[in-house]
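Number of protein chains: 2
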Amino acid sequence: MRETLADWRPAIDDAIADLVPREIDAEYLESYFGEPTYEYDPYAVQRSLSTPLWDLLDRGGKRWRAVLFLVFVEGFGEDPAEYVHYACIPEILHNGTIIVDDVEDGATIRRGERALHHLYGQDIALNAGNALYFLPLKVLSDRADEIPADRRLEAFEMLMHELNRTHLGQGMDICWHNEHAIRATPEQYLEMCACKTGCLARIVARLAAILTDQPAEVEQAVATYAELTAVAFQIGDDILDVEHSLGRAGDFGKEFGNDIREGKQTLLVIHALQESAPDQAERLQHILSADSNTDEEVAEALSIIEDAGSLEYAREQALELSAQARAAVEELDFDEETTRKLREFTEFVIEREE
Amino acid sequence: MRETLADWRPAIDDAIADLVPREIDAEYLESYFGEPTYEYDPYAVQRSLSTPLWDLLDRGGKRWRAVLFLVFVEGFGEDPAEYVHYACIPEILHNGTIIVDDVEDGATIRRGERALHHLYGQDIALNAGNALYFLPLKVLSDRADEIPADRRLEAFEMLMHELNRTHLGQGMDICWHNEHAIRATPEQYLEMCACKTGCLARIVARLAAILTDQPAEVEQAVATYAELTAVAFQIGDDILDVEHSLGRAGDFGKEFGNDIREGKQTLLVIHALQESAPDQAERLQHILSADSNTDEEVAEALSIIEDAGSLEYAREQALELSAQARAAVEELDFDEETTRKLREFTEFVIEREE
Chain V
1 MRETLADWRP AIDDAIADLV PREIDAEYLE SYFGEPTYEY DPYAVQRSLS
51 TPLWDLLDRG GKRWRAVLFL VFVEGFGEDP AEYVHYACIP EILHNGTIIV
101 DDVEDGATIR RGERALHHLY GQDIALNAGN ALYFLPLKVL SDRADEIPAD
151 RRLEAFEMLM HELNRTHLGQ GMDICWHNEH AIRATPEQYL EMCACKTGCL
201 ARIVARLAAI LTDQPAEVEQ AVATYAELTA VAFQIGDDIL DVEHSLGRAG
251 DFGKEFGNDI REGKQTLLVI HALQESAPDQ AERLQHILSA DSNTDEEVAE
301 ALSIIEDAGS LEYAREQALE LSAQARAAVE ELDFDEETTR KLREFTEFVI
351 EREE
Chain D
355 MRETLADWRP AIDDAIADLV PREIDAEYLE SYFGEPTYEY DPYAVQRSLS
405 TPLWDLLDRG GKRWRAVLFL VFVEGFGEDP AEYVHYACIP EILHNGTIIV
455 DDVEDGATIR RGERALHHLY GQDIALNAGN ALYFLPLKVL SDRADEIPAD
505 RRLEAFEMLM HELNRTHLGQ GMDICWHNEH AIRATPEQYL EMCACKTGCL
555 ARIVARLAAI LTDQPAEVEQ AVATYAELTA VAFQIGDDIL DVEHSLGRAG
605 DFGKEFGNDI REGKQTLLVI HALQESAPDQ AERLQHILSA DSNTDEEVAE
655 ALSIIEDAGS LEYAREQALE LSAQARAAVE ELDFDEETTR KLREFTEFVI
705 EREE
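For the record, the sequence lines run as chains V and D. Just so it is clear: in the first sequence, position 305 is 305 by my numbering, and no numbers are missing. Positions in the second sequence are counted from 1; adding 354 to them yields my numbering.
It is worth saying that the hints were derived from the structure and are not from the lab. Virtual Cβ for every residue (Gly too), placed ideally from N, Cα, C. A portion of the hints provided could be inaccurate.
Per the computed footprint, the stretches of chain D lying under chain V, defined by three or more beta-carbons under 8 angstroms from a beta-carbon of chain V, are [claimed, not checked]:
{"id": "1", "stretch": "396-410"}
{"id": "2", "stretch": "470-477"}
{"id": "3", "stretch": "482-488"}
{"id": "4", "stretch": "506-520"}
{"id": "5", "stretch": "630-643"}
{"id": "6", "stretch": "657-668"}
From just these sequences and the hints, can you work out the full model?
Put into structure tokens, the structure is as follows:
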């Protein structure tokens, strides 16, 4: 077993390179996609798939979805080194979703460089992102001799279910973002996070459980852990943006209040709208739905959120979700090593970049 | 059995409405996507998924992928009425791909109205399109009691394989479109069509064969028929654009030569570049790669294509592919009724809108 979680990264990248090599040739295309009816164009596949993907991967990322998968596999008593290719499934899916999300959100920067659709064109980026939704699932068929048929079927059905819910969550988030009035309840906000961010985490956990043949209740427990952890991190992100902004709002020339400027519907905003006096709530709503805001307006919105006690509320929610997440896996009696790694994992992810 | 293929359309639309109702409520969301952890927002799912999809479906479309699926099912001796929900799988996948393709191609019009990303926003359109890549596959899990596990697994593995190749074909097409020089060989052009257009047709045929438990050689034969037919139709489209343009090039004020203006790499163009004298080939290449063209330039490009004998070449290729397609299914000894319907199907599709 690797000493620290970060040690897995080279092995994970090697496995990703088995699925999508840095240099595409006809031999790879024939072995991965089957004999062509006529003739492939490896150069076009290089340009439309491999180059954009490896550009994104080489910019960084902790590969935490792959790492968490391997932690679970080890916790279930299997050798993680034998499961590295399966670990790529959630990791590649994730990279597909961020390419597509960046187009949907109109993002310009990703991991400190220009977003892929700005660099390669929207058509190339979108098609590459979508290709990555299907490409890794082929691992299950290509390594059919390693996993019994009933487990492979379960894996496919689980993946389709969770990927459906991912798009449901993204749809909720986009719809809210496009509306002027904020309608979402705290429960709906949590559901959006559980779907949009949580389902990919659930894939990590459930895939590890399914491929190592765990009973249904174990699969359910790790899925719950993964979902709750993802939701807690999402709320943590929202809290950090407000805390960071409150600290900087006085500093001349510093950027602050990005979520407010984007009109993002966060748990803090939803709570503040519910708890503030009508005139304050109306003011917050107005600032959030405006096309642009002055620094003074952003600072005012932050004050309304602070005065409503929304930071404390969100912190309590995040702590409660984290406690529920821990409780979900404590029932499982993982060995000490895995428990330590799951704790280490939380620290590993908390210093996250995306 | 329905009298004509078009008679199936209401039943197909009813089945699609079972998968994505026109009016979304919490009950549907819970039954199709499972119990929420917290609380769904049906209104947001209405806006982000159902409304765009039904807008597109209500604009028309012959649902030919679903119809062909049902023709095969009947040909295989099963009652097509019992397979209508499965027929929706390729149909919904197809509608997902056209929403996404329209974003990638920067299209403005679809089925005579504004493309979905212009009407609902790029974020909503893309997420809806992508959601439709996964949503119909759930039919296989939800109706698990109807199809044995080994067939369901085969269906999932086939779908992942073909959807992978769809993205490979689209990637080749996009890459070529973005290049100034035309590099593709006729064989690579045919492969692009076989992947981009052919794979969805292969899904129609293979899914019908898998779900009705046909032997591998039958599945292979209908897949070959479907792929060849799709490629032949694609070439037919390219021929029509040139023929139509040659007929209209003299008429004042009429639009003509759309493929030339878009710089589209078609089989005719690739052939003309190979067969023309160097100065003519260079001129054609120059016109195709220019950002815009005068009517005179388009007419000149059309003449070069005509003089190179590229229309005759493409017609021969399309005829040859159609003959191969017919040969692939003739081996199967379908009953007279199915043979008639497969012939009727060709006529049905040839008056196509998309």
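Evaluation of the provided hints:
no., hint, in the structure
1, 396-410, "holds (count 6)"
2, 470-477, "holds (count 3)"
3, 482-488, "holds (count 5)"
4, 506-520, "holds (count 9)"
5, 630-643, "violated (count 0)"
6, 657-668, "violated (count 0)"
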